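Participant: Here is how the chains run, residue by residue.
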Amino acid sequence: MATVFKKTDMLTEVPFHYCPGCTHGIAHRLVAEVLDEMGCQNNVVGVAPVGCAVFAYNYFNCDMQQASHGRAPAVASAIKRVAPQNIVFAYQGDGDLASIGMAEIVHSASRGDNITVVFINNAIYGMTGGQMAPTTLIGQTSTTCPGGRCAAQNGNPIRVCEMLATLDGPAYIERVSLADVPSIRKAKKALQKAFNCQKEGKGFTLIEMLSSCPTNWKMTPEQALDYTKNEMQQIFPLGVFKEVK
Amino acid sequence: MKKLMKGNEAIAEAAVRGGCRAFFGYPITPQNEIPEYMSWRQFEVGGAFVQAESEVAAINMVYGAAGAGARAMTSSSSPGISLKQEGISYICGAELPCVIVNMVRCGPGLGGIQPAQSDYFQSVKGGGHGDYRMLVYGPASVQEAVDIMYTAFDKADKYRMPVMILGDGMLGQIMEAVELPEMVDVASLPKKEWATTGEGHGATRRIINSLYIQPDALEEVNNRLFSRYKELADKEVMVEEYMVSDAEIIITGYGTVGRVAKSAVNQLREKGIKAGLIRPVTLFPFPAAAYERAASQDNVKQFLCVELSMGQMVEDVRLSVNGKKPVKFFGRSGGNVVTPDDIVSVVMNEVK
Ligand SMILES: Cc1ncc(C[n+]2csc(CCOP(=O)(O)OP(=O)(O)O)c2C)c(N)n1
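Chains as they are written, first to last, in my numbering: chain A, 1 to 245; chain B, 1 to 352.
Just chain B, same shape as in the assembly:
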């Protein structure tokens, strides 16, 4: 049965149902409903909840709990995610699974509390120091966020890396009807042999660490991480393609903007303009092949990338299109959002 839920609360419940038994957070708008929900929900399911002293402490608590084998998670918004970056780098270096939710707000600096997509770079290009990536999703609806959140721990465990769910204030605050999945039986999950569960002694000792003083040893770690990123590109890409086959203009955007762009495509079609949509669901791995294919179609004349930023994902779109067709950009920032009408008028006035 479907239930009407706020995005943030639905994500929190989906996390619990996906096996999250340790949550560490710090208040910041627009994600406060997640720690608020977790504060009583983790108590109900026998998990751990701490309102940490800072985002820095929270991400390091995730490191500790994940290293000890728990399905651990944190959520925050842009300035808080910036603070977590050193910890995220350690988590990637130590090959720990966890989930990080970023309900992006506008920046730079303290910026504002309105929705934005200006954390794309710090999410998909590494963000902290060193060579690493994460599996990053940009869901467009509360249901999609729930479905992604529910399997996020499985992916994190499988690839031993953090999964980031990149939303924005709109996704966090909107209320939509959602179908919630079944509760995972945490006790039946496979045992993590590498986790510091306390029994290790002598030959069975486990060490959670990201320090490798010997260059060759560290390079081996980096090679291992990057072979996993290659595997992600082979197996985990998710993308929505809509009316691409006969399209003359491809509109592209992710998350809530992808959803707005889809409405714009429908409106343009009604006006007789052959528009299509490419909406990346995974932002890393980036669905480059979808763009390459569309760029090779004779009917496709150009691309328009729409973002709530000054232009971040557009760089990856251009890399994927690789000069085959022009890629234009339309963005709003500062917490301004785009409507389908905005996109339609950009297409009618500037692109056509």
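Isolated chain A, as found in the complex:
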């Protein structure tokens, strides 16, 4: 019988620990499929963040390092420099990348480190129980802005792709969404593009994925996907922000 579908070999057999409706699992699978299709079984190193995806090192079927909170780009940059033949990726949440790790991501992008960063923007600190993230929308509630994020009190959401696109180092920057099937297909294409850029030695690449966190948003998985599409995409428009030909 012909095989029509098979789980990618770049994911281990360990079941994901993610909550129902969380899109980290989808993002993992897309990354793994792209690496698999590129034939990277024996020349890739991944870096896991501090955040809900900390256990990514149990899921990706390749050499992995677990970085301290926010420092994944620094770790990945060094891994790449000592073994440039490898594909190197960092996987980070929005608290990790856009708050505590803002310096590391900006400088990695600015240096044009030849790595790929997968940036999961779920507008909240998932792992620690739903506190405000640098990407939390105005009006969105969290455990540290229970009345809804207010610009005067809590500042404004940060648009990472737009900001990094002003730098000279990045080769490819795109924001995608994981909220429905067509978006997920586009997200995979974006990852392919980013990893191929890295393979060609073009420099820093980052794919931001708008993701949902029903548990901490206090929504059903369906409501959360709608929120991603209707609210998040207003503030974080999808698209390619940087592409070096």
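Calculated directly from the structure, the hints in this document are not laboratory data.
Note that this is a predicted model, so its numbers are computed, not measured.
Think of the CB as a built atom: it goes at the ideal place given N, C-alpha and C, for glycine as much as any other residue.
Any given hint might turn out to be false.
Under 7 Å between C-beta atoms, here's a sample of chain B residues computed to sit facing chain A [said to hold, decoys possible]: (1) 22; (2) 65; (3) 70; (4) 198; (5) 200; (6) 206; (7) 211.
Facing chain B, from chain A, some residues (calculated, C-beta under 8 Å) [to be verified]: (8) 41; (9) 42; (10) 44; (11) 54; (12) 63; (13) 65; (14) 67; (15) 71; (16) 76; (17) 77; (18) 78; (19) 79; (20) 82; (21) 83; (22) 103; (23) 107.
Every beta carbon over 12 Å from chain A, so not counted as near; a handful from chain B, in silico [what the hints assert, rightly or not]: (24) 1; (25) 36; (26) 233; (27) 235; (28) 346.
Got chain A sorted already, so can you dock chain B with the ligand onto it with the hints?
Facilitator: What follows is chain B with the ligand alone, placed relative to chain A:
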């Protein structure tokens, strides 16, 4: 043939010759010559060099490069080392080998740029969070620093832990004639099976990690780390003992102060005072046995611990002497240094 070199540059060259092929640093006085030297020297030997965006980034780059199997190193001075502490804790938890040089300056806070020894605690007692130690050396001369630096990567690899070289501004800036060792053939070093070199897949997958959610698993890691520290105490202690056998007063100090103390011992002997010296070269493991032995000698009446701090190593000296003899302390801080004459007059006026 001997070569006249500045301490910082000699340490950098000895690191390269010892196999360092990845250096990550951030400017801070008084260690700037190390990253400056490495910026062109790593390029020459085909290694990696990054002037990182911060000490935090630099130590995490060391984590990444060390985890990928390279002989990786960073250098800094006190405030920068404070910033690195979380990263050092991760490196210890993940059992990664690397070398960290701290050319200590005075503190607290921004403090000053003059020499000090006030980072003893954060070097030998852990420094960051969790239960860990490092192999810490306090060299007294540029040649000793070169010799220690040269074998530091071998020790780091053997024990899978960071080695710290604890110097001070004086050691970094002084120029002395040094004999440099041969260049290690990096390609011939044993392969690190645990390193994430990229080929791992399925059963051969390697993970560099310090997260252990199960208490028993983490306790096992801690027990493993501490069994290595025990091994360090058995095998790696280095100490200089000078004129201890008939001494009535033991002067003790490490690093550049140890060297000054040795001159003081000679001056005191000329004055007919039976002084001796204990100079720890390894600060962790601490040479406790040397103090225990001296404290048990009837001729030894007392100890004087001299430091460029308000008194840090003196605590370990007292623990080692264990109440057998009085241990006095003489320290200068704020970037003030001690001369042999200072020590001699303390002994003549206060201790005797
Ligand atoms: C230095 C440090 N500060 C804080 C934490 C606690 N912490 C763990 S995960 C996390 C937030 C992660 O949020 P995010 O990056 O948005 O990822 P998510 O969990 O939402 O996927 C924080 C603050 C830590 N582990 N280390």
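Participant: Would the hint on residue 83 of chain A be counted as holding, given a Cβ-Cβ threshold of 8 Å to chain B?
Facilitator: Since chain B brings a Cβ to about 6 Å from residue 83 of chain A, closer than 8 Å, the hint holds.
Participant: Is the interface hint satisfied for residue 79 of chain A? The criterion is a beta-carbon contact with chain B at less than 8 Å.
Facilitator: holds (5 Å)
Participant: Tell me if residue 42 of chain A is really an interface residue toward chain B, meaning its C-beta lies closer than 8 Å to one of theirs.
Facilitator: holds (5 Å)
Participant: Against chain A, does residue 233 of chain B keep a CB gap of more than 12 Å to every residue?
Facilitator: holds (29 Å)
Participant: Test the statement that residue 235 of chain B is away from the interface with chain A: the closest C-beta pair must be farther apart than 12 Å.
Facilitator: holds (29 Å)
Participant: Hold the hint about residue 63 of chain A up to the distance rule: shortest CB distance to chain B must be less than 8 Å.
Facilitator: holds (4 Å)
Participant: Answer holds if the nearest beta-carbon of chain A is closer than 7 Å to that of residue 198 of chain B; otherwise answer violated.
Facilitator: holds (4 Å)
Participant: Please check whether residue 76 of chain A passes as an interface residue: C-beta within 8 Å of a C-beta belonging to chain B.
Facilitator: holds (7 Å)
Participant: Interface hint check: residue 82 of chain A, Cβ to nearest Cβ on chain B, cutoff 8 Å. Holds or violated?
Facilitator: holds (4 Å)
Participant: Measuring from the C-beta of residue 54 of chain A to each C-beta in chain B, is the shortest one below 8 Å?
Facilitator: holds (6 Å)
Participant: Is it the case that residue 36 of chain B keeps its Cβ farther than 12 Å from each residue Cβ in chain A?
Facilitator: Non-interface label on residue 36 of chain B holds, nearest chain A Cβ at 19 Å vs cutoff 12 Å.
Participant: Mind checking the CB of residue 70 of chain B against every CB in chain A and telling me if the closest is under 7 Å?
Facilitator: Interface hint status for residue 70 of chain B: holds (4 Å vs cutoff 7 Å).
The structure shown violates none of the earlier numbered hints.
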